[in-house]
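Build the complex from these two chains, which are given one at a time in their own frames, with help from the hints.
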Amino acid sequence: MKLKYFSAPYLVWMVVFILVPLLMIAFFAFTNDEGRFTMKYISDVGQYANIFVRSIWLSLIATVICLVIAYPVAFILSRMEKHKQGTMLMIVMLPMWMNFLLRTYAWMTLLGNNGIINHLFGMIGLGPFKLINTSGAVVLGMVYNYLPFMILPLYSVMEKIDNSMFEAAEDLGCSYFQTLFRVIIPLSVPGITSGITMVFVPAISTFIISRMLGGGSNLLVGDLIEMQFLGNAYNPHLGAAMSLVLMVIILVIMTVMNQFDPDDQVLM
Amino acid sequence: MKKLFSFVSVAMLCMSMLASCAEADVSEDYEEEEEVTQQTVTIEDPDYYTRFKGKGISINVYNWGDYISTGADEGTIDVNGEFEKLTGIKVNYTNFATNEELYAKLKGGAASYDVIIPSDYMISKMIKEDMIQPIDFDNIPNFKYIMENFRNQDYDPENAYSVPYTWGTVGIMYDTTIIDIPKEDIDWDLLWNEDYADQILMFDNPRDAFAIAEIMLGYSLNTENEEELRHAAEKLRQQKKNVQAYVMDEVFDKMGAGDALIAPYYAGDALTIMDDNDSLDFVVPKSGTNLFVDAMCIPKSAKQKEAAEMYINFMCEPDIAFANIDYICYSTPHQAAYDMLDEEVQSSPITYPDQQFIKDKTSVFVNLSDEANQLMQDLWTEMKSAEDENVNKWIAPVFLVFCVFLMAFVLIRRHIKKKKDIF
Chain A
1 MKLKYFSAPY
11 LVWMVVFILV
21 PLLMIAFFAF
31 TNDEGRFTMK
41 YISDVGQYAN
51 IFVRSIWLSL
61 IATVICLVIA
71 YPVAFILSRM
81 EKHKQGTMLM
91 IVMLPMWMNF
101 LLRTYAWMTL
111 LGNNGIINHL
121 FGMIGLGPFK
131 LINTSGAVVL
141 GMVYNYLPFM
151 ILPLYSVMEK
161 IDNSMFEAAE
171 DLGCSYFQTL
181 FRVIIPLSVP
191 GITSGITMVF
201 VPAISTFIIS
211 RMLGGGSNLL
221 VGDLIEMQFL
231 GNAYNPHLGA
241 AMSLVLMVII
251 LVIMTVMNQF
261 DPDDQVLM
Chain B
1 MKKLFSFVSV
11 AMLCMSMLAS
21 CAEADVSEDY
31 EEEEEVTQQT
41 VTIEDPDYYT
51 RFKGKGISIN
61 VYNWGDYIST
71 GADEGTIDVN
81 GEFEKLTGIK
91 VNYTNFATNE
101 ELYAKLKGGA
111 ASYDVIIPSD
121 YMISKMIKED
131 MIQPIDFDNI
141 PNFKYIMENF
151 RNQDYDPENA
161 YSVPYTWGTV
171 GIMYDTTIID
181 IPKEDIDWDL
191 LWNEDYADQI
201 LMFDNPRDAF
211 AIAEIMLGYS
221 LNTENEEELR
231 HAAEKLRQQK
241 KNVQAYVMDE
251 VFDKMGAGDA
261 LIAPYYAGDA
271 LTIMDDNDSL
281 DFVVPKSGTN
291 LFVDAMCIPK
301 SAKQKEAAEM
311 YINFMCEPDI
321 AFANIDYICY
331 STPHQAAYDM
341 LDEEVQSSPI
351 TYPDQQFIKD
361 KTSVFVNLSD
371 EANQLMQDLW
381 TEMKSAEDEN
391 VNKWIAPVFL
401 VFCVFLMAFV
411 LIRRHIKKKK
421 DIF
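Protein chains in written order, with the numbering used here: chain A, 1 to 268; chain B, 1 to 423.
Source of the hints: derived by calculation from the structure; they are not laboratory data.
Honestly, I wouldn't trust all of these hints.
[Said to hold, decoys possible] Listed below are several chain A residues computed to face chain B (Cβ distance under 7 Å; list not exhaustive):
#1 Asn50
#2 Met93
#3 Leu230
Heads up, the beta-carbon is just placed ideally off N, CA and C, and yes, glycines get one too.
With the rest of the complex left out, here is chain B (with noise of 0.2 Å):
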């Protein structure tokens, strides 16, 4: 009975400590939220937002998915909300996954957005398509923090239609418990490496996919050489039967779950699959990669030009970038809100990689010709679905055969039948 005793104070006195340490954790979080917004207070010119206060304005908002700081975990920053404070100007918010959706979504015309961040290759497309118009950037002053080297990429050479909202770098994650190879010897080979066959899982999406062929190879990112494209094919053709699956998000569960052991991702999305599964490690290979940006833009058809550009230049506030920076993980092109990041993060080659690698061995995506882009897709179909040419041959016509003979029976026997209620 007295051992039972101890053993209940005993495990009392662990239970309140461990209270008190969580206690200790929450008053934490608690000191950074008031610090976090107090920050946003200092808006350097508010007189800036205030044109527009009471006139009922609002703006449609075309974002990624989980893209922005919401306020949801304690201690971060509604970012839309702090706009609407700030600016009376309402914010209509909404989600798109994909590029091509995107794209999809303005060409058909039916959807009015008035900002919209779309990545590098999809912004010179628009360009080039007349999909989104010249930012006043006078109406942005906060540009000057945006990074010089972010500025006049290879997809806006002038940099008049875009401010960079986040970059990042595609890598290969894999599981350190499993591949003894020195982090430093890791390069995209791996991804071809047949000890580890039916445990890598690759892009679902042709450009990124050829992308990583085509630095192998030894090819531009942008190639529209249709025989360096048709190399490229080649390379992910023997590739295939070493590849698990080709997936985009199930990277999320089948990489934490450790049902596959090495995948190509994006830096950030790595990062946040890593904090589930600590033995996960992730490499920018050395050979080379391609450097994404995503960036703010204002389509053609947008209804309220200058209240986007305020929500632009909200966005590229120091005390904003850093809010939502902190929240999503990827990269910062702004200088001050790299700057407020913790040591730690500013020195990790996950997610801020030598500036001098970033130069030699990076480069971002451009748009490619409709024709190129055609290709890519044609040999990315046909690569996917090679696997059982020799059957196919036959099967084609063997089916169309019997669908002429199906067809025949039926109407000999409708003809009978006819016959028969005749007489």
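Just chain A, same shape as in the assembly (with noise of 0.2 Å):
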């Protein structure tokens, strides 16, 4: 086939920003120093397994949310006229044009001690809360920014999704919720395991969103990768360990995940 020759330019991307660098971070997770090949960082990364499963709970927990939260805006959208659905596409996508630091910051600013959240409920004689520096602070900041690419998979699946489906469910005489965990959902599958993947999988990795939500205290992997580079000890072979341990992590659970597929696609 001639189609296969405008693939070539992301070929040639893919090995030089994708393959190139996963290797490197490969050869520094299992090399020192002097270059030989060494154990010692993979190993060294088991003592930080708190953390690990800190994020890993906590962008389990906001992609839980997202689902939640999404599935029915998304289940809306689709059924909205036409005309109306890119409207509220828009409305949807509206924060993402803002600056991902800049709506975290707002966070900040809203949830703080004296911010405007703790001063509405003193209004009317509440708190103040702790709000913020809390790992529900760093859920709600992953839930916040990383809605909206829950909301698009689920919604362009279901968009595709016939009403006549709905309206033969009923003639079989399948209940509401008999149509929604029998025909819906299942239809609506690979929306949901490509959103879990969006949502997931950069939850699990931010370190922004912790260190301004969850006042630093509430470490996640991104925030020990990030100190292995930029911290007082300079040690891309710890941090670079780490980032691999953290991909074996995703895959397997991306892997176990994608098994609810019927078709058994693999949407990585």
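In structure tokens, the structure reads:
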């Protein structure tokens, strides 16, 4: 096929900017300063297990919350009249036009002890509550920043489900819930899996959200990796080992999740 | 109607008075500008700077963010612009945010800089790793202005590699309206005071945080002793429950907005924050502190060493040094620039603490060994994520078992599916 040649630019891109860096990470992770093979750094990663677990845990929570919020939104969006859909989609995308840092920064002032939310609580005689510098704030930041990434794939899958499907289900005597669990959800599984991937992967490796909203004591893997490169102890080998372990963990989680896809599609 | 009229006329009068005040301000600023620009022309030895004129040379300068006078404020000098005008050398000026960023950039080898301005401990690290080169001080006659006590510091004992640019101390910024401890009684233990739990901010970098604990425990700020470092980490662990957040630049917002009451920070930045929030004050704790020096160096990889030296010399011109220090609010090691400062600033205990105090109670960072750095980093990470240690013992293995089970489930499911397909 001649069409193959059109993929050449991307192939080159992939080799130079994805494959080679990946190999370099692996190389750094398994060698020491003198360039000799060592397992030291990989095994050193073990002592940070609690931080890995926290990252996985928090990003899992964030992913689930995103899914719960996004699913009905995407469904309602997909059932709207066509011309309204465009406008609504734009509103969903709107926050993404703003700089990521700025959005997170804004939450800092909203959640602060003298922030707007606590101020409002104060007016009705409540609080102040400790909102910022908690793991809850980190999850909130993740949900806020990555929600559109969940809505969009869900929407694009649901948009293709024809209304006649629901009519057929109803004709065959499905209750409301049966329609949901036997028709809508199975049909939207590809959207769910790619939505989860698109939220979970960036959430697990974020570092700026945890730094700004977590008060520096809710360390995530991203912070840990950043510290190895830009911290006091410059240790790219340990940092590379951490990224490698993180990649393996993500890979495992993603393969497990993809098994729920009926067509065994690999959505990575 | 008459009343209204008189009200309006009074208002108008007030306005015009305000306007004239503003005008007066402007003209004053203007005069200042005149003065400053006149001063910049008085370069002692202009011939020195003309060597590279018309050769189309450019140098890359890598400095901290917001750490030079840019001429953006009225009446200030655009230092790089003046240099270009005087010498014909083009300055490519870029910023970094941390010493470690600078280090990673240089170590990576991709970038080439001619002048960099790292801090003390980073300078000693770079000397050790052969990343910066000795400066030819014959090309920097203005080095004579650098105060005696800022020469030959521990990080560069023979003063062969660096020319001090600014210095400052670390102290405690606190809210005077709520904390009613007399200023002279305030010491580092305020950061451990349980009465202000959850109102205390702390440095989010191990070196500065450990330094505070080390002062309190009476250790050297440059200790590499494992036991001492562990004690310091223990001290920081005790503090953790009172700490609202570990922050660096976020201090500006949090203290400025009154979200926190107490924070340790660098003197120059503290002054900037205090400009926004009147209820804040700054104290250099009497039990001692860290004195930091940022100094100009030339990396090994510099392509234009002589032009770089010319730039460093230019930065030490009295008028230029004054313009910079006036803009960035840190303290200057430059005698002539210091003499040009207002008396009020010269005697400020924040920017220029007592000489004797500096000599007896402050020390500069030098580079630690790789092992000590790694230990400090590990202790720091451990301390910061210590909170949920009891849970973690269980979660990690449980998670692994969970993963194994899931994988097993997946494999079995696939196996069954395959069988089904066969029939």
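Against the structure, the hints come out as follows:
1. For the restraint placing A/Asn50 at the interface with chain B, the shortest Cβ-Cβ distance is roughly 4 Å, inside the 7 Å limit, so the hint holds.
2. For the restraint placing A/Met93 at the interface with chain B, the shortest Cβ-Cβ distance is roughly 28 Å, beyond the 7 Å limit, so the hint is violated.
3. Given hint, A/Leu230 at the interface with chain B, holds; its Cβ is 5 Å from that chain's nearest Cβ, closer than 7 Å.
Hint 2 alone, counting from the list given before, is not met by this structure.
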